[in-house]
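Trainee: Following the hints, complete the assembly by docking chain B with the ligands onto the known chain A.
Given next are the chains, with one letter for each unit.
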Amino acid sequence: MARTLSMKDAINEALDQEMTRDPTVIMMGEDIVGGAGAAGEDDAWGGVLGVSKGLYHKHPKQMIDTPLSESAYVGAAIGAATCGLRPVAELMFIDFMGVCLDQIYNQAAKFRYMFGGKAETPVVIRAMCGAGFRAAAQHSQMLTPIFTHIPGLKVVCPSNAYDTKGLLIQAIRDNDPVIFLEHKNLYASECDVPEEPYAIPFGEASIAREGSDVTIVTYGLMVPNSLAAAETLKKEGIDVEVIDLRTLSPIDMDTVIESVENTGRLVCVDEANPRCSIATDISANVAQDAFGALKAPIEMVTAPHSPVPFSPALEDLYIPSPDRIAAAVRKTMGA
Amino acid sequence: MSNPFPLEKDGLLEAYRRMKTIREFEERLHVDFGRGDIPGFVHLYAGEEAAGVGIMMHLQDHDRIASTHRGHGHCIAKGVDVKGMMAEIYGKATGSCAGKGGSMHIADLSKGMMGANGILGAGAPLVCGAALAAQKLGHDGVGITFFGDGASNQGTVLESMNLAAIWNLPAIFVVENNGYAESTSVDYAVASDSYVDRATGFGMPGITVDGTDFFAVYEAAGEVVKRAREGGGPTLLECKMIRFFGHFEGDAQTYRAPGENEDNRKNRDCLKIFRAKVTEAGVLNDAELDAIDAEVMTLIEDAVAEAKAAPLPTPADLTTDVYVSY
Ligand SMILES: Cc1ncc(C[n+]2csc(CCOP(=O)(O)OP(=O)(O)O)c2C)c(N)n1
Ligand SMILES: [Mg+2]
Chain A
1 MARTLSMKDA
11 INEALDQEMT
21 RDPTVIMMGE
31 DIVGGAGAAG
41 EDDAWGGVLG
51 VSKGLYHKHP
61 KQMIDTPLSE
71 SAYVGAAIGA
81 ATCGLRPVAE
91 LMFIDFMGVC
101 LDQIYNQAAK
111 FRYMFGGKAE
121 TPVVIRAMCG
131 AGFRAAAQHS
141 QMLTPIFTHI
151 PGLKVVCPSN
161 AYDTKGLLIQ
171 AIRDNDPVIF
181 LEHKNLYASE
191 CDVPEEPYAI
201 PFGEASIARE
211 GSDVTIVTYG
221 LMVPNSLAAA
231 ETLKKEGIDV
241 EVIDLRTLSP
251 IDMDTVIESV
261 ENTGRLVCVD
271 EANPRCSIAT
281 DISANVAQDA
291 FGALKAPIEM
301 VTAPHSPVPF
311 SPALEDLYIP
321 SPDRIAAAVR
331 KTMGA
Chain B
1 MSNPFPLEKD
11 GLLEAYRRMK
21 TIREFEERLH
31 VDFGRGDIPG
41 FVHLYAGEEA
51 AGVGIMMHLQ
61 DHDRIASTHR
71 GHGHCIAKGV
81 DVKGMMAEIY
91 GKATGSCAGK
101 GGSMHIADLS
111 KGMMGANGIL
121 GAGAPLVCGA
131 ALAAQKLGHD
141 GVGITFFGDG
151 ASNQGTVLES
161 MNLAAIWNLP
171 AIFVVENNGY
181 AESTSVDYAV
191 ASDSYVDRAT
201 GFGMPGITVD
211 GTDFFAVYEA
221 AGEVVKRARE
231 GGGPTLLECK
241 MIRFFGHFEG
251 DAQTYRAPGE
261 NEDNRKNRDC
271 LKIFRAKVTE
281 AGVLNDAELD
291 AIDAEVMTLI
301 EDAVAEAKAA
311 PLPTPADLTT
321 DVYVSY
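Residue numbers (the numbering used here), protein chains in the order written: chain A, 1 to 335; chain B, 1 to 326.
To be clear, the hints were calculated from the coordinates, so they are not data collected in a lab.
Check the hints yourself; a few may be wrong.
To be verified - Partial selection, computed: residues in chain A whose CB lies under 10 Å from chain B: (1) Pro23; (2) Ile26; (3) Glu30; (4) Gly54; (5) Ala284; (6) Pro312.
Computed from a predicted model, the values in this text were never measured in an experiment.
Note that the Cβ used here is the ideal one computed from N, Cα and C, for glycine as well.
Chain A on its own, in the form it takes in the complex (with noise of 0.2 Å):
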């Protein structure tokens, strides 16, 4: 039965199923109970946003706040991995990725060629990325590329609820590392979700609107901005394909193509910085397999090669607005 669930809840309702079906499943992170040792409620933020409040009264032997200790749990929760449980391990934002980096990118996201496929490693790292909150330029960052480059890394961010709670199923059971990126601009979105535990398979892209004239290929919050986008050319007859990419390791490079091949245009929207970014990597990827098909130059919506501003005034222009989007739809059209 599918009802209607906005992306935090369908996070939720995720790590419960999941927790419930499979006891070596467990989560950590600063805050996701709350109130550790302090005299008032237990369960007193279920998260800083509280995406897994609740969760503890369920599953108190799988919910563990830890210190303000990245470094140590995150790699804690790798260690754990290796050894027979399944964890769950919640930065609150990614931009503290910095603080434990090493433990994922020179271990978790090794383990399993370094040892000669002896090793997994089924541990999910979640986090929340993104800019349009206000909070500035260490807490607002997408960083999506950094883990991209990394082999041994699957990378996952979705942009809506029901593609959340399967990627996040098929996260929690996959064997590798998982980098997992819920865009807290999304966490109010909603759509239908099933009730029943279901996984979407990784590198499997969406055809989120199917259009003949232009491919957008996108991933993220930018994936309603690159739909408004198409909404408003739409009226101006150009026929919008919009492609989510969901996964962003393993990258869905065929859907990609075989839409170019129809359409012939291509426009990459990425919230991240430009520079080596999942729009480039797309652009480059196209531009070798699909060259043949395309009537237009590549175009590509980013954000700046800035940091993420605090003040609203540029925050907004920093974040890649359906109005960009349809300018550079329509520069590949010619108009």
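Mentor: For chain B with the ligands alone, kept in the frame of chain A given last:
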């Protein structure tokens, strides 16, 4: 009547002014944030003023501090312009950081304020750098890093303590222990019962003071700063204190015991404690302090009015102050 305090009248009035300015700045932000006037995350220092001011009264501009997410108090105590801070928090072009940083990133290098910080523990290594620079450049500046009980568990803090000790740096590690990291109690998250023991483990002296008592902080900090200036090396200073508001604005604080906030406001308000001490000793009178209150209220009122009226950054500002445009 003789003055039992380590500061002359002027110094006492100055300390009170700084504490009161912080208090009213934060009280005002609490109201304005609640009204929806202020974007983003705001972490208030109200209740903790005596610690920041008690330490900063010993510092000059060439002494560097690295602050935290809860940085407004450190800024004001270190002499950062209050109007610039308010404009920054309102995201205006006239702000201390041109509206690009916001509450969590206010900085003024000319005042030795190396920045509030969105990353817990990030200031500790930076301050080792400030202390190293003072040592190599041959001036008597010190570096002070502030961090909470929560952030005291960051690897960066522990690594920095060791570094400062082996290099004998003029670095001071101030633990602002308000009992909570977000909703989590220090009793749960910090293994050792004593920060002094921790300091000992790193080969440096450690001192614990009542951070609601300006004079306790002032005296301890005086000793510690003097030792650092004279080449005596690093110290850890723990200030036990009270956070009056939630972790950030919007925190329901259900993790607190019933009545905890009311009790703190009533019995552990560092401003009330200060006022009682100086008036009971007959060194300052209520009228003198009330006059400061009035001036502070006017300053905050003006700061808000000016911040509201100030211009926003312009679109071109988006890509300035960064060395690659692309
Ligand atoms: C590396 C890092 N981890 C987590 C956070 C999120 N965070 C911000 S403040 C805070 C609690 C800090 O507690 P404490 O150090 O005691 O300082 P207080 O807020 O009590 O002043 C947390 C977890 C962060 N900003 N940086
Ligand atoms: Mg604290």
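Trainee: Decide, hint by hint, whether the structure agrees.
Mentor: Comparing the hints with the structure gives:
no. : hint   : verdict
1   : Pro23  : 24 Å, violated
2   : Ile26  : 18 Å, violated
3   : Glu30  : 7 Å, holds
4   : Gly54  : 14 Å, violated
5   : Ala284 : 16 Å, violated
6   : Pro312 : 5 Å, holds
Going down the numbered hints, you'll see the structure goes against 1, 2, 4 and 5, while the others check out.
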